[in-house]
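Undergrad: Residue numbers (the numbering used here), protein chains in the order written: chain A, 1 to 309; chain B, 1 to 346; chain C, 1 to 395.
These are calculated hints, taken from the structure and not from any lab test.
Please note that a few of the clues may not be correct.
Stated by the list, open to error - Taking beta-carbon pairs under 7 Å as the criterion, some of the chain C residues facing chain B (in silico):
{"#": "1", "residue": "LYS12"}
{"#": "2", "residue": "TRP13"}
{"#": "3", "residue": "PRO15"}
{"#": "4", "residue": "VAL16"}
{"#": "5", "residue": "GLY106"}
{"#": "6", "residue": "LEU122"}
C-beta atoms are modelled at their ideal positions from N, C-alpha and C, and glycine is treated no differently.
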Amino acid sequence: MLNYLIKRILMMALTLFLIITLTFFLMHAIPGGPFTSEKMLAPEIEAALNAKYGLDKPIWQQYLSYLQGIITFDLGPSFKYPGVRVNDLIREGLPVTAQTGFLAMLCVVALGIPLGIVAALHQNKWQDTTIMAIATMGVAIPSYVLATIALYLFALQWQLVPTFGLDSWQGYILPVLALSGFWLSFIARLSRSSLLEVLGQDYMVTARAKGLHPQTILFKHGMRNALIPIVTVLGPVVANLLTGSFVIEQIFALPGIGRHFVLSISNRDYTTIMGITIFYAAFLMLMILIVDLLYMVLDPRIKLGEKAQ
Amino acid sequence: MSSAPLLKVDNLTTHFHTSRGDVQAVRGVSFDVKPGEILGIVGESGSGKSITCLSILGLLKANGEVVDGSADFEGKQLTGLSDKQLRTIRGDDIAMIFQDPMTSLNPTLTVGEQLIETIVAHKPVSRGEARKRALELFELVKIPSAASRLDNYPHEFSGGMRQRVMIAMALTCDPKLLIADEPTTALDVTIQRQILLLLKDLQEKLGMAIILITHDLGVIAEVADRILVMYGGMVMETGDVYDVFESPQHPYTTGLLHSIPDVRSHTKQRLTPIPGSPPDMLRPPEGCPFAPRCPHAIQQCLEAMPPLFERPNAKPTVHEARCWLHHEEAPKALQSIFDAPEVSNG
Amino acid sequence: MTDIHVTVPKEKWAPVDRGAQDAEFIAAPSLTYWQDVRQRMWRNKPAMASLAFIILLILAAIFGPMLTHHTYYDQDLKLSNIPPIFEVYKTEPTDASAQYMFLNSGNFKLYEVAENGEILGLVRAKRKDLMKKQHIYVFGDAEVRVDYSQLPATLVDGDGNAIESIGYRWNQTNWFGTDSLGRDVLVRQLYGARISLTVAFVAAMVNFFIGVFYGGIAGYFGGNVDNVMMRIVEIIATIPLTLYVILMMVVFQSGFLSIIIAIGSVFWVDMARIVRGQMLSLKNQDYVAAAKTMGASTKRILTRHLLPNTMGPILVTLTLLIPSAIFIESFMSFIGLGVSVPMASWGTLTAEAVETLRAYPHQLFFPAAAISLTMFAFNFLGDGLRDALDPRLRK
């Protein structure tokens with residue numbers, strides 16, 4: 001177990017290093033410095049700015065000093081907001097993104113899985129048809145479309161919830177709904193098909209033949225096995241909730257990391273783009289590690305250190 | 001006919017509702033099982049033998065329904081019981097083991113847990129006591145180093161060992177009747193015999209009755225007391241295992257006996273497979289279901305369902321066969337096919 | 001059950017005429033795998049409707065823009081933000097001036113229309129009374145006022161009485177209305193479909209080739225080659241791909257080609273995994289061994305034996321790759337990293353509609369519907385294909 005964990009963490013470090021390297025050189029491959037695009041910038045001022053941010057040094061030196069910064073958890077200064085560091089932007093946005101993201105994840109798991117179970121247990125009855133019709137819509141409608149429609153109907157037209165901000169609990173409803181909509185539907189569909197598959201297995205007949213209580217059969221034998229494929233996709237779900245938050249935070253004007261990220265893109269604030277990308281990548285790899293560990297607890301057939309084919 | 005039957009199945013009829021119509025899987029099957037006897041049910045896949053047993057225990061899939069008939073177990077009408085009432089019988093008085101021990105055990109629970117949960121579900125015992133009982137059962141079915149293997153997962157066992165686990169699980173509550181649905185089919189030939197002997201041995205030790213479902217006549221010959229031959233969802237022939245093997249009274253049984261190799265035979269004997277395939281149970285034939293494949297079929301066979309004709313014998317066990325050729329008016333020339341033992345070599 | 005003493009008529013004891021019926025009776029004609037797949041696809045109504053929708057959409061995207069004089073870039077600020085359906089009012093002028101008109105409630109402008117709903121032009125106000133919040137128009141001797149003191153704005157005559165409308169008309173000039181720059185929404189939708197579908201198809205194809213090539217090599221050679229290649233895939237899979245598309249778009253600058261490159265180069269991982277898995281399981285099959293013993297070359301084994309048998313899962317993955325490519329493209333466009341103006345994709349159209357959401361909510365309808373329906377269709381088609389290709393469902 002410990003060996004496996006160490007191996008995984010080393011692998012993660014290597015991946016992260018590759019991501020940092022790739023991101024760094026991609027950002028520096030953009031023609032022109034970060035300040036060339038700005039109008040009315042006298043050459044001497046640009047030179048001064050370059051010197052200030054160390055951009056006059058050779059690229060490998062910049063790279064090394066960037067790496068050095070990351071080891072001490074310093075993602076460098078923002079190019080666009082003087083005196084602001086990328087760390088500050090993340091620290092400032094994190095509570096908002098983490099809160100909405102966590103609530104959305106909660107929705108996905110706490111609503112998606114039960115809805116899938118209900119649909120599977122009432123296969124081809126009205127409960128199933130209704131849930132699956134909604135879930136199919138949820139999978140087809142892109143999050144930003146859902147967010148905009150919801151914003152128009154619930155906030156502008158009927159004024160049930162505020163249009164922006166998270167000052168009251170109602171403010172969370174639309175962003176969380178829009179953020180979780182796709183994955184909620186996806187997980188509901190997956191739970192349904194996964195449980196149906198498990199319900200058809202021989203060991204479910206064995207469990208019934210043993211005279212167990214139906215609830216024991218459903219949860220101990222059915223859901224435990226049906227959860228395995230669901231857990232494997234939870235890692236990617238976290239990843240996609242994060243990237244989904246870019247537009248959701250934009251639409252609902254939430255001051256989260258995603259909004260900073262999108263702003264930094266339109267501002268061509270390269271250090272911020274780089275910093276947030278690396279932060280996200282590190283976070284996601286951590287999530288995937290957690291999901292993998294959870295997966296192994298659920299499925300004893302998976303031997304530590306080797307993945308199922 | 002000395003003792004009262006443990007299980008009495010009467011005119012059991014099971015249909016599966018599908019989008020293309022009702023599949024008539026079991027069509028009026030009647031038989032009984034006496035305490036402590038081994039009844040072998042034999043037939044091709046799709047003959048309705050497994051469905052018969054699943055119907056008795058109410059374990060049919062959602063689209064399956066017992067539309068007629070009854071199953072009486074020690075005076076209780078199983079077919080009329082609620083799921084809750086059936087639960088007290090399943091795994092306790094009547095236990096079942098299945099064909100494929102690979103898929104019949106839950107892969108994500110330890111085998112010990114799968115035994116313990118059965119015991120706890122039926123007996124007022126603590127988990128500790130249940131575990132002790134599970135260990136005894138593992139020793140009973142001869143699983144080596146039983147104590148350490150309770151905490152293993154099914155995938156850590158070989159096929160034969162898994163079937164032993166299944167048997168141990170079925171025996172947790174000393175059932176009066178054990179239904180074994182093709183218990184050896186998925187196993188290697190050498191293992192098959194071990195499992196079969198284990199079953200026979202346990203039956204003698206514990207005195208339970210066994211319904212042994214199989215398509216392998218060799219298995220029946222080895223352990224069964226009585227045999228029930230099924231085809232097209234119906235009983236074709238039933239009787240004492242020696243009677244049926246020595247003088248089969250239905251052309252289908254004859255065909256089955258011809259399609260297995262006889263190792264005692266010294267002459268070069270050809271295996272004769274039965275031509276054709278089993279009937280479509282969505283629209284089963286009006287007459288005898290075997291008639292389209294029967295080498296001796298007459299017009300009557302195609303048009304009317306034959307009843308079960310009792311054959312005279314010296315034993316207390318009734319020997320019956322569903323064939324028109326046993327009719328009192330049937331020409332002697334046609335009846336003669338049953339006279340001489342068909343398996344004449346050896 | 002029949003009684004055993006029933007009388008059997010004499011002629012019934014005759015042996016069965018074997019010529020009349022065949023023991024080897026087969027209930028249904030046997031079908032080849034692909035015939036069977038096609039038949040099951042055909043029976044799947046949602047999947048077939050989706051396929052029809054996709055074909056129609058492609059045809060509309062190709063030929064639609066050729067059938068109209070509108071272009072996706074022509075602006076007409078005088079005719080901006082016109083809705084596709086409007087309420088027409090009739091005035092009774094004494095001279096030849098406008099008879100029919102409609103009021104754009106978003107910007108309080110009055111447009112002259114024909115009775116059938118064709119737009120003739122913007123009407124200039126004679127006077128603007130900012131105190132009473134009225135715009136005053138004069139037709140001959142009749143006076144019409146747009147009263148926006150209370151929302152929604154209403155049309156009143158000189159005495160302040162409301163003018164009755166003669167009902168709703170479909171906009172005959174711009175069937176889907178116009179956007180904030182007066183461009184025809186329908187044509188922009190069709191161009192958007194061109195861009196979105198092209199990006200999706202090309203990106204899906206690029207992913208398909210990379211994935212099949214990569215996964216095929218890894219699976220076919222196995223061993224160390226496979227180990228190294230799959231380790232690389234594992235690393236790529238842990239990187240959030242949307243982030244990388246964003247980074248690439250930042251590097252390449254937004255545009256049509258860069259979005260194809262960006263999407264095309266990162267989403268092949270799933271495909272590679274599936275192809276590899278298929279290859280690994282299939283290459284150990286007996287028929288491949290049989291082909292090898294008969295001296296078939298590596299290339300022949302790959303193209304004749306392995307690829308056709310991996311087609312099913314690949315096809316399903318490809319079908320489901322298209323909607324995700326459409327989604328990513330529109331997502332990028334929505335956050336401002338897609339195609340550059342004045343080109344339109346469904347994502348940019350949605351983003352534009354969001355900007356005018358408060359005044360003209362209807363503008364959101366068409367891009368939202370277009371993208372959702374298309375995603376729907378591809379999802380249904382993919383699900384249908386997966387069901388049809390699954391041999392476990394064969395009956």
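Undergrad: Can you list which hints this structure breaks, lowest number first?
TA: When the structure is compared with the hints, numbers 5 and 6 turn out to be violated.
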